[in-house]
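Chains W, C and B supply the protein sequences, listed in that same order.
Following the working numbering, the residues of the first sequence are numbered contiguously, the last one being 1123.
Following the working numbering, the residues of the second sequence are numbered contiguously, the last one being 609.
Following the working numbering, the residues of the third sequence are numbered contiguously, the last one being 355.
Just so you know, these hints were derived from the structure itself, not from any lab.
Here the structure is a predicted model, which means the values were calculated and not measured.
It is possible that some hints are incorrect.
[Unchecked claim] Label pairs and their computed distance ranges (CB to CB):
1. B:LYS13 x C:PRO153: 31 to 37 Å
2. C:LEU122 x W:GLU837: 51 to 57 Å
3. W:THR922 x C:ILE598: 47 to 53 Å
4. B:TYR19 x C:PHE254: 43 to 49 Å
5. C:ALA429 x W:LYS861: 55 to 61 Å
6. B:ALA63 x C:CYS377: 51 to 57 Å
Here a beta-carbon is modelled for each residue, glycine too, at the ideal position from N, C-alpha and C.
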Amino acid sequence: MPRFNTCRFFVAVSFLFSLFIAHPVHAEEVVVYSARIEQLIKPMFDAFTKETGIKVKYTTDNEGALLARLEAEGKNTPADMLITADAGNLWAAAQAGLLKPVKSEVLENNIPAHLRDPKNEWFGLSIRARTLIYNTKKVKPSELSTYEDLADPKWHKRLCLRTSKKVYNQSLVAMLIAEHGEAEAERIVRGWVANLATDPLSDDTRALEFVAAGKCDVTLVNTYYFGRLMQKDPNLPLAVFWPNQNNSGVHVNISGAGITHHGRNGLAAVKLLEFLSSDKAQNLFADVNMEYPANPRIKVDPFVAAWGSFKQNLMNLVKAGELQATAVKLMDRAGYQ
Amino acid sequence: MENKTLFGREFFRIILSHRLMTIWRVVPFIAAALVLAPVGVVFSSFLAPASDIWQHLVETTLPQLLINTLWLALGVFVGTALLGVSLAWFTAVYEFPGRRFFSWALLLPMAIPAYVTAFVALGLFDFTGPIQTTLRAWLDNDLSWFPDIRSRLGVIIVMTLAFYPYVYLLARNAFVSQGKRSLEVAQSLGLNRRQGFFKVVLPMARPWIAGGIMLVLMETLADFGTVAVFNYNTFTTAIYKVWFSMFSLHAASQLASLLIIIVFVVIVLEQQFRSRMRYAENKRTERVQRIRLIGWHNWLVTGFVMCVLFLAFLLPVTQLCIWAMQSFTQDYDVARYLEFLWHSLSLSGLAALLVCLVVITMVYASRRYPDSATRYAVRTAIIGYALPGTVLAIGVYVPLAWLDGQISELVQRWLQIETGQLIQGTLITMLIAYLIRFMAVSHYPIDGAMQRITHSIDEAAMSLGLHGWAMIRKVHAPILKSGIFTAATLVFVDVMKEMPITLMTRPFGWDTLAIRIFEMTSEGQWEQAALPAVTLVVAGLIPIFLFMRQTEK
Amino acid sequence: MSTALLQLKNVRQAYGEQVVIRDLSLVLHKGDIGCLLGPSGCGKTTALRCIAGFEPVTAGEILLNGFCVSSADAFVPPEQRQIGMVFQDYALFPHLDVAANIGFGLHRLTRAKRERRVDELLQIVQLVSVSKKYPHELSGGQQQRVALARALAPKPELLLLDEPFSNLDVSLRERLSMEVREILKDQGITAILVTHDQAEAFAIADEIGVMHQGEIKQWDTAFNLYHRPVNRFVANFVGQGVFLPGTVINAQQIEIELGILKGEIPRYCDSGCKVDVLVRPDDIVYDDSSPLQATVIYKAFRGADILYTLRLDGGAKVLALVPSHHNHVIGEKIGIKLEADHIVAFHQSIQ
């Protein structure tokens, strides 16, 4: 069967070909491992390349996988920079010795202290606030106050939550642990679970839709999901409420980046990092994704600004990382799926 | 002079065929070794304990996880068995309106990844979906009686609809080749059709059906995407949670080891069933006429089949198309999109080619050398299918990264050249991972086809002067053709749908459609995921169509 | 007078345009063994399947014990006909052992009765020693006997056998044919067999129907089929022989090259009419002293006899069966004599 011969030939050729496809070219490029999806980081990279001429090569994957890859690759890693969508994984990367400290005045000026690693191994680039969204038809703002309050029985069967498997909820609970201690935090989480109107949902957008449809009255989401949904359908009966304004403030997490220990293009990578912390990129973060820029000098998108300003929780996000595993165990114990 | 050349050629041919024989022999062991590498990496996690995490798990979620996983496995087992076998029986033995069309159309759901069916199902039937919303408006009540799609039953139904084609395909194979004759024998002994089916046909088809169910169970256990959409906690979701959220790849690997052990046990049990396949008569019966159904039986069967096709394929695809059209208004980078499509197709094609070649060689080796070592090697090679994708990817990644590191160190020391990554970052990693994962899928159909080549056929060929390659080309290949086609189709479609391995091992810039879907769904942007999903489904239909044309019966 | 167990009346079976059975009629009495004999494609297997109920009939009737089981309007499903069938490929259940296979049709009996019947059958087919083995472990002959036992177990009214010996080697065939006939007669089973092998048909059946293109050309005993075929097809198909042209002399005599034959001749033929006469190998004997000489052109040694193909002076070929100690070489001329006590002759233009 001639098919056989041409088949094998084709296989052999493609193998040889594939050997050379991805051979990295050196010099003047930065290689990024990103846990944020392409859509959200490409605009910034393009802007960087336009300004400096340095190319950016990137690949996206889950955080855990990226960390495992970095560890497996060791000295041979092609990655110069790691970008994540939360602080916990940056902390874990630093703990594993995968990142190296960066001394940069630009970064220190642009990024507030509570949003970066005390040892300068990672830096937050944008803030995601996790706040309360409520159904305007069923709830008056005066009824809402704090995260902890949602455990109160008056919210019985009126609360919707996203799954505990997502890192945003884990860092929120980590914050609760940091503030109240494990025992109290567990009580709060148990209270949440008791108030659930339905099983935890797989994503924030769905939670918002459930609130809008009336299945529940209030939920906890990252603000940019709210923003996206409202842009799609401005008539939804949803509104933002900033909790804990009288005490520690709204829980924030960061999307951030660190420079890898063994990356080859360290200098170019630092340039990229500095770029990401500076005006142009920060504006993009604000506009493209409706996030809050880490750089305090940058204005937020007017759409976002309409939600009002709020007091941030200034707990250093290192704590989010340190306490994440504890938080997960706590949520397991409390029955929060 | 003449004699010398002749002798030379003859000599060369003998040597070559001899060496080929040796290569064949080794392939199952290489395949097993390849699979054992990630398994080994995973099991090596036991070298250091992670007792605190285990303790935590045992105290809190492990019992529930195991129950969930068990129910899921059981439910999907029963669901796909019932659905797959009944559909296969109807289309193999009966004649009803539309039978020819439905015979292959029932395979179409294979093109849709299970997690896509999942998010469509949720999008349609959940509280905020169009069905409940319209019903609420019409009936003006809060619909608390409406069954919750986000429940154990919901996951089972979605997975059943997504996975039944595996059982359908293999069961149909069995019924077509021996269904009607067995039924006639039963009837001649006084059993009516229904009794005949249960007492004779079904037991005789058991090895094939078991093969299909094995594939389904392995997919179910390894699945992460579908259960994540439902937020249904299984053993596999625990593996990911421990890894990603508790930062312990270590403990996650230990959990994965447990999974591997369970799967291996099930595979060994199933292989016991399969050994009976050798004794199943596979004589090619003449064209037996199908039994014509009369009256309302006719329409009942057609209705049933149409129902399944609607739920498993038409409904999801229609919803995806609607969503795709709705979200198409946003600026779409068509060039990049076509790139995704090209990547998906070429990867699937390459993978299908590679996997089928390796499996064919493996099956030949096990046929030529049927000793127990080879048998165990083949059994081991199949396990890859049950490993959760990301776990397998890591298991492949770690050894390859180490290898890469060693090589570049050596090259650095001797030639003073910085090589960077050699193996990783190329397609090799991906292809090896795909090979490990999909050998099972390719193995069942090819092995089944190989059973049809009896030793007497081989001997007849040899007596006519054919051996080695010529025999394979001229005698075996035509007989194996349908099995190879089935295998290639299954691998192609599976690789197209594959996500976790592709995510982790792809070279820079090699995004596929499946990855695009993942990125959109991970951000909750279901509508944006629809267009790549539709493209994926359409691309997956191509090999299915080709396949059906090859094996029209 | 035994009752007619099986009756086919003008049965016709067609797949759409393709007619498989044209017009089939036969009667089989209780306790008899019938046979449908014919080349492949003649429709015999289809006829069997119609009787079994696996195929419907387009026209005509099939009656079992006087009750219509198949017709254009009526149909009794196979499982209700109490007909046993031995399939050509035996179709033993590979996942059951011999005893389980045999007992398969006895699901209505109690366990004890079933076991007793299975033992009985194992005795009859002489397979007691292999009752625990699986089909793939048995030889062809053993498998065939299991298939037979399985079909006989439920004591069917009628037993159908589809080319039961075609998968066995020749030496086994003869022996098994006799054994099967013995078993069937012993148990008083009415059976109908389908085959393309004459030897088989002759060995087992009481009455044989020679089939061709969907019709029975002659339904008769083996002897009659051989010695008194009613048409050319049967004459050609059954046994061996040649046709020699001949002329009718008078009501009792026909002249052929070999001499004058005495016997009955076709009624519609007067003196001087041309006919073809069937000459079988056993009609020609070796006679040293005969003036009639023929040249040996081929010989087939058969142990006890030699089948010679001879050429007459006129050019016609005949076959002669001669005791084998008369060994002649090819090209030799030998003396032959015509010794036939009946005439089989057909009008030259009639088939």
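Tested hints:
For the pair LYS13 (chain B) and PRO153 (chain C), the beta carbons lie near 34 Å from each other, so the given range of 31 to 37 Å is met. Taking the beta carbon of each, LEU122 (chain C) and GLU837 (chain W) are about 54 Å apart, inside 51 to 57 Å as hinted. The hinted window of 47 to 53 Å between THR922 (chain W) and ILE598 (chain C) holds, with their beta carbons roughly 49 Å apart. Range check, TYR19 (chain B) to PHE254 (chain C): about 30 Å between beta-carbon atoms, so the 43 to 49 Å window is missed.
Taking 55 to 61 Å as the suggested C-beta distance range, the pair ALA429 (chain C) and LYS861 (chain W) does not conform, at roughly 39 Å. Between ALA63 (chain B) and CYS377 (chain C) the Cβ separation comes to about 53 Å, which falls inside the hinted range of 51 to 57 Å.
The structure is inconsistent with the numbered hints 4 and 5, although it conforms to all the rest.
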